[in-house]
Amino acid sequence: MAPRTPGADLPDHPDRLWRAADPERSYDVVIVGGGGHGLATAYYLAVNHGITDIAVLERGWLAGGNMARNTTIIRSNYLWDESAGLYEHALKLWEGLEEELDYPLLFSQRGVLNLAHSLQEVRDGVRRVGANRLNGIDAEWLDAEQAAEACPILNTSPDLRYPVLGGTWQPRAGIAKHDHVAWGLARALDLLGVDLVQGCEVTGFERAGDRVVGVQTTRGPIRAGRVALAAAGHTSVLADTLGLRLPLQSHPLQALVSELLEPVHPTVVMSNAVHVYVSQAHKGELVLGAGIDSYNSYGRRGAFPTIERELAAAVELFPVFARAHAVRTWAGVVDVTPDASAIMGRTPFEGLYINCGWGTGGFKATPGVGWCYAHTIAKDEPHPLTEPFGLERFTTGALIDEHGAAGVAH
Amino acid sequence: MMLIPCPWCGPRNEVEFHYGGQADVACPRDPDAVSDAEWARFLFFRANPMGAFTERWMHRAGCRRWFTVRRDTVTHEIRPVGAEQERAVTV
Amino acid sequence: MTADLYGASPLAARADALARHSAPEGVQGVRIAEVPFTAQVALRVDPRGGAAERIGTALGAALPGRPGQVARTDRVLVLGLGPDEWLVVGSEGTAPELQDTLTAALDGAHGAVVDVSAHRTIVRVSGPKARDLLNTGCALDLHPRVFGADQCAQTLLARAAVILLCRETDPADFWVFVRASYARYLADWLIDATEFDG
Amino acid sequence: MSGSFRLAEGGRIDRDRPVAFRFEGRDYQGCAGDTLASALLANGVHQVGTGIRHGRPRGIASAGAEEPSALVQIVKPFPEPMLTATTVELRDGLEAHGLPGQGRLAADPDPARYDAMHAHCDVLVVGAGPAGLSAALAAARAGARVVVADADTEFGGGLLGSGELLDHAPAADWVRRVTAELARGPDVRLLPRTTVFGHYDGNYLVALEDRGPDALTRQRTWHIRAREAVLATGAHERPLVFADNDRPGTMPAGAARTYLHRYGVVAGRRAVVFTTDDGAYPAALDLWGAGAEIAAVVDARPEAPPFWARRCAEARIPVLPGHAVVGTSGEEHVTAAHIAAFDPDSGTIGAADPQACDLLLVSGGWNPAVHLYSQAGGPVAFDGAAGAFLPAGSVPGVHPAGAASGLRTTAQCLSSGAVAGVQAASRLGLEAAAAPRPETDAHPVPKGRPLWRVPDPDTEAPGARQFVDLARDATVADIGRAVGAGLTSVEHIKRFTTVGTGHDQGKTSGTLSTGIIAELLGTDPSEVGTTTFRAPYTPVAFAALAGRERGDLYDPVRVTAMHDWHVGHGAPFENVGQWKRPWYYPRRGEDMEAAVLRECRAVRTGVGMQDVSTLGKIDVQGPDAAAFLDLVYTNMMSTLKVGRIRYGLMCTADGMVFDDGTVMRTGENRYLLTTTSGNAAHVLEHLEDWLQTEWTHLRVHLTSVTEQWATIALAGPRSREVLARVAAGIDLDNAEFPFMSWRNGAVAGRRARVCRISFSGELAFEVNVPWWHGRHVWEALYEAGGPFGITPYGTETMHVLRAEKGFPIVGQDTDGTVTPQDLGMGWAVSRKKADFIGRRSFSRPDTARTDRKQLVGLIPAAGEGVLPEGTQLVETRVLPEPPVPMLGHVTSSYRSAVLGTPFALALVRGGRDRIGQTVYGHVGDRLVPVEITDPVFYDKEGARRDG
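Protein chains in written order, with this note's numbering: chain A, 1 to 410; chain B, 1001 to 1091; chain C, 2001 to 2198; chain D, 3001 to 3947.
Incorrect hints may have been included.
[Stated by the list, open to error] Computed far set for chain A versus chain D, every beta-carbon distance over 12 Å:
id, residue
1, GLU24
2, ASP81
3, GLU145
4, ALA150
5, PRO171
6, LEU192
7, GLY199
8, GLU206
9, ARG211
10, GLN216
11, ARG219
12, LEU242
13, ASN272
14, PRO348
15, HIS403
[What the hints assert, rightly or not] Simulated coverage check for chain D against chain C, where a stretch passes if three residues somewhere in it have a Cβ under 8 Å from a Cβ of chain C:
id, segment
16, 3110-3120
17, 3216-3225
18, 3767-3777
Quick caveat, the hints were computed from the structure, so don't treat them as lab data.
Glycine included, C-beta positions come from ideal geometry on N, C-alpha and C.
Here chain A stands alone, though its shape is the one from the complex (with noise of 0.2 Å):
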């Protein structure tokens, strides 16, 4: 017999996951959405504040939206303070999450290299790492040349139409793989006693006065102390109910995978000016990532011309991908703001909570979010690290604007 292929195999998941649960007719707190935000949320809520009888949402199958279809990248190195002390708190708990939930998350710190390919993007590369240094986050600015020992099969010849010019440069950043980190946390949350409901779609709010006091289901009324919503692109729909608008718009993220290829690619890279991400995942399959669709939809899917440029941008790039072969594309629905930052904190109904518009960046931010959206709801008062991000930026102007300098969204 030959032996296993090397590398193109997962550890197994352990025998035992989560049960699924019934919802009971009341909760201290519910939780809408059983994606990475809701789980993890629910995860801090009972670790850091002791509050275990809640019940997690979820109107499919657990993790089954935008966890369950991102490019899995994980970085902090955003520019603005505001950004960067969420995702490096976010980051640094991911560096201990694997370990504190006794589960293969198959968190990769292999780095993450954002390439500049014209002059103001390199401007803006060496603005982001000076402010990323500061904050006391790990940032290097690579010339083209570093950018390619780095990434040897990057092409930074000057004959491309955009050549690489540069990059910044994050060695802590990485991949997980994404099913794992939300079953991990699923694990977690059934033996601390929460109750994680699939098949659950909540369709409105009950409320006493200007006061939330529980949801309607498509499995009946749950009452509820707080209600804390964690449901990404659908978050417009359920705010609707209440009446509650919200500065956000859900847009379809296509991704692709590639088949299982040998290592070529040893690190995560990233190009907003062509529009592709890419990394090689665990297996060894390649993983490409596009910009957004424009347009507003809830389809789960995008048109075909967002994947062909993803994919000449990427055999540009990457000469030696030009015969990977694309074997599945998909997409998601990304709720994206204003400002490409999200909004975290209390709403104008007491016992609501939002955590939304996490745009592209909601999976790397996961651990980060649970940690303080819970003590949003545990509190009732925004974390200090969440405190910038609420819905009165819009008002007062004090926006937390990462597409303009950063560049970066994904």
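The hints should help you fit chains B, C and D onto chain A, whose structure is shown.
Using the frame of chain A, we list chains B, C and D on its own:
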């Protein structure tokens, strides 16, 4: 690839168009008369329904005219909307 | 002679390459050449007003009622580009007189007459395989029954915005209006396309 | 394994055209028309590779695109990872080897070319089997524009591999006739070798055409907009799950039949056939007819189908109803099938009896290929009798037909195809009628009984060698573990076991795993459902989708009329949006710094010239043009006099700086605007948006004239003298032609518009001439400037000169978070106008703060070099522990010839109040002291602009 009915050039592939989001968002007539919160609603808050959505497109690669369609944000099915539709002030 | 009067057209430097890659009788079945220095005047006017009628009279052909339609006289082609927008194309050197004609016919009504002769050049793509060649980068349906003689469209060809004009269907004869700064890109793209089997 | 398994005759291969190939280091011969798989089988080779998780031998498990097992790496002619042997066309010199699950990318660039083609049709027929051809014929005869696409090298689909007769002649004759008629149709396009792999909104289907060995283009991506689509995509035969069912030599019965009829290959000499479906019987009989011994037909159902049992009896083929294959023997090839009595109702099995064989044919029924239908939004529903998910409901404009809709016989497929073709044509308003259906074999409609797994006699590790997904080495035991872990969703179980995630995306394993999950959960397959069908239907090479958008064609290169001159004078170029702009013009031996210092000096002391044609230009006309511009610029434009020019600043509605440029009043109701080079299209769209949707009452027309005008900036104290030499007709005197005004006239004999605009602070002119005169006038000015040492300069020098004057560049000194006030340009924000875009936002609490980041100048301490652009600024001499409070960052930074020191512009928190203070730039690990200054470094009084 959606086939979007430009009222002037006829149906064209979506890549020819620029998306404009919710239609019928009018700028407050007297911006000074609205509060900061109301102004923020005009600037940043847009409908984001799942299902039928009245939205704007501009035929960037064609006649460069803005127009309104009603599109289902789940199925992507599109219906044209009459040009005579009333513009509503949402603020 | 035109060079003295008009300087260099955007594709003057690609003329030889285009000729080399033109093989109307061969497998490629396509000829590509620049049509330089035409007079082009952008016209904006309310189609329902008297000014539009006066302009039609002055040009000798009514302004096409819908975008995509083309009116032809022995002096000009009038391409319908938008609900109140046309491109008037004349032979080289006639832009000043076209502008005068249009401005006079406008007679103070609200409208716009702008000389855009140098803004775009024209690439003529003709021959039996012209449609296939264009369809390698143009998503429009160019079937003669759908996009026939004297029809035009603003669309994308490869990654450039163009105005496509069908002059004849058999053999196919198209004019591709392209902005001067994109002309070389488009020519290079067309040349590259001819190196493929249709 | 010895000897040839190729029949002396039959099949659609060309025995006169031998093809030499190499597999796993050994040389073989096949025939033209073979696939790699058929050629290997003809040579008696069954094992292709090894399994990904357990390393067990893996063979050929289909005859088509659904292949889960026979993965190969192509070595020659060019390395290509992970293809299936069943779809690789045999070509001379082909070299390949089996894959243990991971492919290898070529180290060298792919020399092949790829392109795209757009097509439109009334009716797209996907699949050219009996249903597809019938549909195409009906639609074409009705006068529809038809495209027929089929993945195979020739049309015919299942008919090529079944040996059936149509109208009493080989089915291939009918295929040939129909294809010929279609090919004659004036509006029919036939696309063999073309796999339709995705369905997108609006019946937009994408397909990959393999152009064959002799084409210039290796592959072509078809974009097909179809008014109607007939999906005659066929079906995949479902394998059966039993212990050691992965041994090479095990394959679906239909595949063996295809190898026989299509390729003239008998896949084994002694076969056991294990089935739960009538469809395996004709395969067994055909193989028997070709000389193979059929050891037994093992039918898991209690009763064998009487029609076929009779035929088998005639051929003396033993039929064992109520039996099952429960295991196999062999290593790299099956040597025996273990047959036991089986009661499908109770699930009990008897003692196993090994039956020697070198071929084990299996049939568990057929899964319609519903992939495209499902992508089109079509619902699928589980059909208990078929044991498969079939198209349900309807999707307007999409017509599943034939085996893809669950039909089994050729007669049914022919009829349903014709109906689909007629329906499609009718929906288009065409009069259509089905052609008479050719006469077919009168076999009964095959029936089956779904069997998801055979009980495993191995009680120690049950299910551990019962393979469900050969691509992922996923077993019944794996699914059992997933269910045992608490998982109930097919999506979760797919992720737990990785079943269905291989290169084949579970074409043969998907329904099987659903059935097994349902059994383990004690529910019905309809409750379990399927995972989502996604594009692409079969793997597509990245390069094929990239197409021709590679190299310089990746994105348009925009050039000016003077581009070749810049190239000829050695300029490197900067990408500004899609534009190529000269960056600087190094002389021999000069580096960039030296060249830029020289160019700057020339402008400050003599004269320089720059190509600024890339600036966006918009003609604005109409009675309300002035009112419109007052609304879109922060400053007042209605008061501008004809003949004069004003700097203009635009904000977006949120009050942030969006663009800047000049506004030239060219008539009472007419203006010409300029925009920044990279932003021209955005500005025009922004203006049209407000004009068309908000201020519909304003009578204004906008026309882009960017490329109408080539523009040359002539700057420096000697610029007037240079211009005077070629523009004799224009009075260039300061009084006659003051700063910020324009004149028409002739320059170098060409009609021109000359502006007195300066972005350097020096006396300067901008000469606008029609684009096609740009090069001529540029050269004339260059020549006229010769005696003055005229120096062409690029974007870098322009940046230095404007920075010395404190002029910001939108997009460099701003980032979408900067207001005019932040830039110190409150002077350009009108207080008189009732409103303009952005005004209301200035009074929001955060925007109105007085300690916002403001544009200031910086001078590094003596002896320090140029600060890198992007450098962060901090307040303290010594860095505290992070997070370190940051004051702002350097937006522009240069060496300056006239200042004699490096200098910079920066956005600094409360910067204007800090002028005179020292702050620190964080450069590498150092803190560089810098003094905050006014952003205007040079000629604060503006004395130089008039020369």
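- Message: According to the definition I'm using, a residue is off the interface if its beta carbon is farther than 12 Å from all beta carbons of the partner; does PRO171 of chain A meet that for chain D?
- Response: PRO171 of chain A clear of chain D: closest Cβ-Cβ about 16 Å, beyond 12 Å.
- Find the nearest Cβ of chain D to the Cβ of GLN216 of chain A and say whether that gap is larger than 12 Å. holds (23 Å)
- Item | Non-interface claim for LEU242 of chain A, where every Cβ of chain D lies beyond 12 Å | Fine: 26 Å to the nearest Cβ keeps LEU242 of chain A off the interface.
- Query: Are there three or more residues in the segment 3110-3120 of chain D whose C-beta lies within less than 8 Å of some C-beta in chain C?
  - Reply: Coverage by chain C holds here, the residue count being 7 at a Cβ distance below 8 Å.
- Is it correct that the beta-carbon of ASP81 of chain A has no partner in chain D closer than or equal to 12 Å? Given a closest Cβ separation of 7 Å, the condition is violated.
- Message: According to the definition I'm using, a residue is off the interface if its beta carbon is farther than 12 Å from all beta carbons of the partner; does GLU206 of chain A meet that for chain D?
- Response: holds (28 Å)
- Task: Hey, is ARG211 of chain A genuinely clear of chain D, shortest beta carbon separation above 12 Å?
- Result: Nearest chain D Cβ is 28 Å from ARG211 of chain A, so the label holds.
- Item | Non-interface claim for ASN272 of chain A, where every Cβ of chain D lies beyond 12 Å | holds (14 Å)
- Task: Would you assess whether GLU24 of chain A, listed as outside the interface, keeps its beta-carbon beyond 12 Å of every beta-carbon in chain D?
- Result: holds (19 Å)
- Query: Beyond 12 Å from chain D, beta-carbon-wise, is HIS403 of chain A?
  - Reply: violated (8 Å)
- Outside-interface status for GLU145 of chain A - nearest CB in chain D farther than 12 Å: At about 17 Å from chain D, GLU145 of chain A clears the 12 Å cut-off, so the statement holds.
- Query: Does the claim that ARG219 of chain A lies outside the interface with chain D hold up, using a Cβ gap greater than 12 Å?
  - Reply: Holds, since 15 Å exceeds 12 Å.
Checked against the numbered hints given earlier, this structure breaks hints 2, 7 and 15; the rest are met.
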